[in-house]
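A.B. asks: In case you want the letters, here they are:
4 protein chains.
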Amino acid sequence: MENANEIDEIFQKALRGEIKLYQLDKILGDSNKATNARRKILEKYLGIKLRHIGYYSVDFNEVVGRNCENTIGVAQIPIGIAGPLLVNGQYARGMFWIPLATTEGALVASINRGCSAITASGGARTFVLDDKMTRAPALLVPDVAHAVKLVNWIEEHFDEIKRVFEGTSRFAKLIRIIPYIIGRNVFLRFEATTGDAMGMNMVTKATDAALKFIEEHNPYAKHITLSGNMCVDKKPSYINWLLGRGKTVVAEAIIRRDVCIEKLKTLPEKIVEVNIRKNLLGSIRAGNISFNAHFANIIAAIFIATGQDVAQVVESSMGITWAEVTENGDLYISITLPSLEVGTVGGGTHLPTQRECLEILGVAGGGNPPGSNARKFAEIVAAAVLAGELSLLAALAARHLTLAHELLGRGKIKKR
Amino acid sequence: MENANEIDEIFQKALRGEIKLYQLDKILGDSNKATNARRKILEKYLGIKLRHIGYYSVDFNEVVGRNCENTIGVAQIPIGIAGPLLVNGQYARGMFWIPLATTEGALVASINRGCSAITASGGARTFVLDDKMTRAPALLVPDVAHAVKLVNWIEEHFDEIKRVFEGTSRFAKLIRIIPYIIGRNVFLRFEATTGDAMGMNMVTKATDAALKFIEEHNPYAKHITLSGNMCVDKKPSYINWLLGRGKTVVAEAIIRRDVCIEKLKTLPEKIVEVNIRKNLLGSIRAGNISFNAHFANIIAAIFIATGQDVAQVVESSMGITWAEVTENGDLYISITLPSLEVGTVGGGTHLPTQRECLEILGVAGGGNPPGSNARKFAEIVAAAVLAGELSLLAALAARHLTLAHELLGRGKIKKR
Amino acid sequence: MENANEIDEIFQKALRGEIKLYQLDKILGDSNKATNARRKILEKYLGIKLRHIGYYSVDFNEVVGRNCENTIGVAQIPIGIAGPLLVNGQYARGMFWIPLATTEGALVASINRGCSAITASGGARTFVLDDKMTRAPALLVPDVAHAVKLVNWIEEHFDEIKRVFEGTSRFAKLIRIIPYIIGRNVFLRFEATTGDAMGMNMVTKATDAALKFIEEHNPYAKHITLSGNMCVDKKPSYINWLLGRGKTVVAEAIIRRDVCIEKLKTLPEKIVEVNIRKNLLGSIRAGNISFNAHFANIIAAIFIATGQDVAQVVESSMGITWAEVTENGDLYISITLPSLEVGTVGGGTHLPTQRECLEILGVAGGGNPPGSNARKFAEIVAAAVLAGELSLLAALAARHLTLAHELLGRGKIKKR
Amino acid sequence: MENANEIDEIFQKALRGEIKLYQLDKILGDSNKATNARRKILEKYLGIKLRHIGYYSVDFNEVVGRNCENTIGVAQIPIGIAGPLLVNGQYARGMFWIPLATTEGALVASINRGCSAITASGGARTFVLDDKMTRAPALLVPDVAHAVKLVNWIEEHFDEIKRVFEGTSRFAKLIRIIPYIIGRNVFLRFEATTGDAMGMNMVTKATDAALKFIEEHNPYAKHITLSGNMCVDKKPSYINWLLGRGKTVVAEAIIRRDVCIEKLKTLPEKIVEVNIRKNLLGSIRAGNISFNAHFANIIAAIFIATGQDVAQVVESSMGITWAEVTENGDLYISITLPSLEVGTVGGGTHLPTQRECLEILGVAGGGNPPGSNARKFAEIVAAAVLAGELSLLAALAARHLTLAHELLGRGKIKKR
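Residue numbers (my numbering), protein chains in the order written: chain A, 1 to 416; chain B, 1 to 416; chain C, 1 to 416; chain D, 1 to 416.
These are computed hints drawn from the structure, not numbers from a lab. One or more of the hints may lead you astray.
[As the list claims (entries may be wrong)] Derived lysine-lysine pairs resembling BS3-like cross-links, with alpha carbons at most 27 Å apart:
1) LYS173(D) with LYS149(B)
2) LYS149(C) with LYS149(A)
3) LYS173(D) with LYS173(B)
4) LYS173(C) with LYS173(A)
[Stated by the list, open to error] Far from chain D, some chain C residues (derived; all Cβ distances over 12 Å):
5) GLU6
6) GLU62
7) MET95
8) THR102
9) ASP143
10) HIS157
11) THR168
12) TYR180
13) CYS231
14) ILE284
15) ALA300
16) GLU356
Note that beta-carbon positions come from the ideal geometry of N, C-alpha and C, so glycine has one too.
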């Protein structure tokens with residue numbers, strides 16, 4: 001790496017304000033060097049050691065300019081695997097190992113137990129019900145008459161707008177534009193498919209072009225912001241809950257009664273009771289927009305591992321767990337995710353460990369046809385969420401189920 | 001590491017179902033060995049290479065049993081730093097460098113720009129308004145008369161319950177128990193302070209003990225679940241929005257007009273306009289529980305870097321950005337976080353890179369008095385959120401502010 | 001009326017349980033007689049006098065079987081009028097007097113003041129942006145594969161379903177069916193236009209027919225309920241907020257600065273400040289689905305007066321007030337109602353006083369073309385809401401605006 | 001009444017703008033005369049007849065200045081009665097007849113059926129869990145440090161503030177002041193009990209006094225608005241949902257299985273299924289803040305009949321229906337109303353028909369001790385809501401329950 005003198009000289013310059021740390025990539029001509037120099041300057045400046053942050057196999061020349069700036073090294077997040085998990089989806093079919101990057105003890109073990117119960121019962125069925133990415137700019141017009149005029153113009157010129165929109169990317173396909181008028185404020189929610197990319201940047205760029213086209217032809221409309229918060233990115237929101245963003249996915253399984261007792265140490269009836277009183281009734285009383293036990297845990301762990309946009313865990317983890325006892329006494333359980341935002345290309349997916357995790361799932365890179373890999377990935381995520389949810393509900397339900405314990409004598413349940 | 005033969009033998013056994021992958025820690029007697037063995041088995045099984053996941057400096061004997069199971073290696077997430085950021089808080093005072101683990105290009109640069117504008121304007125003021133962790137079990141009683149009886153009993157025996165609760169931990173201090181009755185369902189929301197730990201596990205354990213005590217003395221009350229979803233953990237929720245969970249924090253700054261123009265390339269009036277029409281009005285129309293541009297980005301990046309529970313980004317990132325132009329033409333901007341869940345001990349905070357990041361911020365480990373380090377950390381997070389928010393609002397506002405561009409000729413704005 | 005003996009005899013029988021009070025219409029063969037008999041029995045039974053309830057001009061033979069059962073008389077609700085209010089809508093054009101049935105002192109006076117300010121400034125512009133009624137049954141299917149199958153079947157057979165749906169009414173026109181799948185639960189939101197009727201009963205009947213048709217052809221689908229609470233009737237709901245129910249209407253006005261000062265005793269800037277800090281920011285912090293000062297007051301008063309379904313005030317009153325100061329220093333103010341449910345035929349609109357109130361507005365009965373009267377009515381309601389909102393915001397803003405008071409010396413403001 | 005000449009003269013003056021209609025009370029010195037004169041002018045002006053509006057027994061001299069202005073007569077709303085309903089509450093004990101003012105056909109009949117089933121099963125148990133009225137002004141301070149200072153000052157001077165607050169009314173008792181800080185905005189939620197009045201005006205007046213006291217001692221705090229929308233009045237809101245406003249009430253009943261089959265034509269299991277899939281799951285998916293079938297119907301009908309503030313149906317009707325099958329196969333059903341705002345004095349309660357309806361319920365006027373009458377009333381409302389909810393759920397459930405029909409041969413169910 002850089003020699004001590006060089007670092008010291010840069011440090012002195014930085015102290016004197018002659019250079020900024022973010023200029024180091026340019027000054028040193030190499031982002032790996034810059035990363036290390038910055039880290040060492042920081043060590044010096046703060047009088048601490050950043051030994052582990054500096055231990056990595058990433059090539060920062062592939063990172064800076066795409067994924068991160070002002071780099072000093074990496075965070076090492078432990079990856080555990082859960083599985084195998086049998087998935088019978090439209091896109092995902094077969095056994096999967098789920099890579100989970102987490103620091104929450106017992107999470108991987110719990111998901112693993114859920115995978116085991118699902119797989120032993122014939123696997124999870126999954127469906128992608130909807131697939132799109134959105135962006136919603138805000139405009140200001142003189143009055144509501146102009147707002148209506150603008151909306152009508154957009155309807156009439158949808159084909160032209162679509163051409164402009166789609167001219168910015170090979171994969172972006174405009175589905176529709178939903179207008180919202182609040183007095184003289186106009187919000188336009190652009191919905192588009194984006195192939196295997198999560199697609200937020202793609203849709204942002206395309207919306208920017210479309211918006212400029214709209215503005216040119218409607219000069220009375222004043223641009224306020226390219227994102228008017230009706231998109232909605234990285235915020236819990238009823239518009240995503242109701243209209244969807246990313247993939248809308250359902251996963252379900254029927255857990256055989258004996259599997260439930262043996263592997264989950266509880267009865268289907270108990271799991272149903274916990275689900276209704278906790279995930280439905282408790283959530284209702286608390287004013288949640290999410291009716292599940294811990295979708296966010298599973299989704300965050302997969303997102304970190306696979307290079308997804310982790311801030312999107314916020315809306316991706318919204319969803320409903322539904323459980324009931326079947327006529328045979330088995331457990332029917334499903335999870336519904338209205339707004340799961342995932343991609344297998346773009347963002348952090350090309351980074352080394354992230355790509356390897358996508359490879360573990362067999363979904364690295366673009367699919368054929370475009371979009372099929374991201375949907376396969378979405379189905380796997382949904383199945384993993386089902387596994388994690390099932391296991392935690394069972395653990396909660398089992399606390400007092402002394403009967404099953406005594407009958408089966410399976411010893412201590414791994415509790416969360 | 002393990003020799004090839006040993007791996008192969010284990011692989012064959014695993015294939016034959018004679019051993020489970022999660023048993024390897026025990027079989028091999030060392031979690032580093034087990035981690036590598038599992039990774040190699042997975043490579044073999046899937047026919048892929050996991051070279052980067054296997055590159056780490058973590059000691060997995062410190063990880064397994066505390067933070068992760070069934071480990072195969074680590075995710076490497078790039079860390080960039082933003083700053084220095086001047087913070088004038090109750091706990092955090094001085095210049096801070098913010099470590100951000102992210103794969104979203106331009107995020108660190110944008111936050112960095114915000115830090116620069118805030119610091120040039122005299123820094124961010126921060127306040128921790130509230131501090132507590134919660135857990136809310138659900139019970140079932142025969143009827144509403146018993147529900148009322150139970151709630152009255154709890155009120156009358158609060159001191160005893162508190163003793164039992166606090167007997168489980170040196171740091172847990174019970175504040176109050178808020179009851180919610182829905183017919184014959186009773187939810188009890190326990191609120192407690194937890195020192196420098198984020199405190200969810202601490203409060204869960206303490207609530208479990210308190211609940212058992214309550215149940216013993218009120219045998220008509222049937223335990224349903226230790227977590228009844230009124231806690232609310234890892235779900236967007238109005239109960240956390242209104243009552244708080246973790247730290248309730250405010251950060252504010254007055255950005256001088258000249259700093260705004262020079263560093264942020266726009267006018268205070270423009271930022272205010274974008275904030276009101278996007279963060280307030282757009283969010284309102286979309287049905288968001290979050291009235292900001294991208295709090296979740298900053299919080300997710302800090303959480304990953306510092307070993308926080310990343311799934312808690314969901315509620316920690318809820319909040320409001322408020323901006324107005326002062327009488328002098330400067331920009332007043334504040335961010336309010338009702339429910340920021342952070343800790344400097346416990347969870348992932350002891351992991352090597354995570355602890356180093358806490359050291360960068362000067363908040364590693366427990367504080368004196370207990371809780372002061374976590375509050376200091378919360379203030380820094382809030383100030384960083386303010387920086388990120390300011391910068392993105394400015395970027396959105398600047399699109400059409402050609403005047404400032406021409407006047408100042410500062411070249412291209414780093415756009416997000 | 002009935003003679004005392006007859007009443008006494010019925011009373012004795014009722015006491016002995018030989019007849020039920022609701023049977024009196026049939027027994028006496030006249031609902032006016034039955035109404036009076038029931039009232040007198042109640043008087044006797046309870047030992048009270050119901051003199052005023054018995055004072056009415058309604059013919060109960062027109063009421064029972066259509067609007068009410070077990071009748072004993074009427075509630076007399078005072079009606080005040082506000083206006084004239086100048087409306088420049090698509091449907092409503094000219095001066096209107098607004099009948100308001102209320103018992104809240106100062107409400108009519110306040111709305112009246114708002115009307116005066118709006119009319120003096122050139123009137124309110126109004127637009128109906130959307131118009132439909134909805135009903136959403138719930139079905140249960142074996143699994144999510146069947147849920148998808150059902151949804152696909154409905155899409156493919158939309159024209160046939162539409163025929164069945166529309167066969168039940170001359171006015172019901174099916175627009176679309178929005179499916180929501182949650183595991184094996186399927187909710188179908190039927191949207192239809194309903195002419196001048198508010199249309200809930202019309203759409204319920206039509207949905208029932210359509211649903212039977214769907215069930216016949218998809219025998220795996222089990223009927224759960226004709227209304228699955230995604231309609232959503234008489235509940236505050238984000239689905240109505242985002243997708244609309246009834247009329248989506250906007251009203252706006254520009255209040256001249258001098259009119260604002262003279263009639264409203266405050267400055268445009270003050271009104272804008274109250275609107276932003278109260279209606280937006282305060283509502284946001286409180287977790288409201290409604291961002292206004294008191295839409296519900298105006299809507300409830302009109303609904304009672306005109307025979308609307310008063311329980312629908314719940315969702316009809318959801319909405320946003322938006323205000324800003326124009327470049328000339330005037331006040332721009334608008335109100336947006338996503339979900340205003342009104343009709344000029346059906347329900348209580350044919351009742352005597354109710355019909356007279358509709359006549360005051362010039363909207364009694366069906367329009368030509370169908371739907372135009374209800375839309376005209378919706379625009380008038382929106383304009384009245386604007387007037388009421390403007391006036392209250394001004395009153396709140398004026399508290400400290402001593403300057404205007406002193407300058408103008410207009411004496412005491414009618415405060416609310 | 002007035003002679004034709006007098007009316008004509010006033011009409012001419014009104015047309016010439018020499019007098020305003022609202023001045024007639026003063027000009028004629030009698031509000032009954034003024035009411036009739038205004039109505040006749042309106043008839044003349046619009047060329048219509050308002051015969052029924054002019055038919056009333058109200059004395060408008062008791063109305064104008066208290067409940068309505070610019071009066072022209074009354075709306076006649078049919079009143080039906082449901083009952084008897086057996087209530088076993090803390091305050092309400094015995095048989096009650098429920099007066100319902102409505103124009104929605106079948107509503108009274110349906111509630112009546114519910115009353116019958118509940119009474120036959122031993123009655124409804126009710127509890128008032130909480131009781132208070134709220135008002136939340138908004139202030140602006142220089143910065144968050146001042147916001148904290150203000151909040152601390154209020155805590156320290158709570159006793160003095162309470163004295164000022166309570167000095168405005170014999171009945172207002174301040175419970176607490178909950179502060180909300182958003183940057184430099186401070187909202188203060190005053191909570192108080194208000195005896196038998198619904199209490200909004202009482203608390204508004206008391207808060208105004210308290211606020212002036214606070215402002216005098218904290219001159220840096222700028223008054224923005226006496227109502228900052230965190231009160232929250234007449235808007236659906238999570239703050240009322242979670243913290244309550246008015247009475248928080250629960251009503252429950254156990255409906256015997258045979259009663260359920262005989263009177264409600266369905267099985268307990270069916271009602272539970274409809275409740276869970278419709279009121280819970282459907283509401284969840286739609287984003288409702290209300291988890292019931294039609295609370296608003298019953299509450300609106302009682303509110304109109306008894307002189308309550310009808311616009312408050314919005315939040316008063318929020319609530320949860322919970323149902324389950326007991327071990328004996330009976331139906332347990334409960335309704336929970338977090339925010340029921342009712343009073344037996346003040347507002348429209350003194351008007352003739354309204355007072356008579358309160359007398360039917362035995363709750364007219366103030367109670368002894370103060371507040372007991374309003375609580376009794378709240379319990380009766382809750383029990384009536386339970387009856388209405390039970391009946392509609394049964395009707396929805398019965399559609400396909402051919403078994404019970406055939407077995408019992410009870411003929412056609414009154415359907416809604």
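A.B. asks: Let me make sure I understand: some of the numbered hints might not hold for this structure. Which ones are they, in numerical order?
C.D. replies: 2, 3, 4, 6, 7, 8, 12, 13, 14, 15, 16
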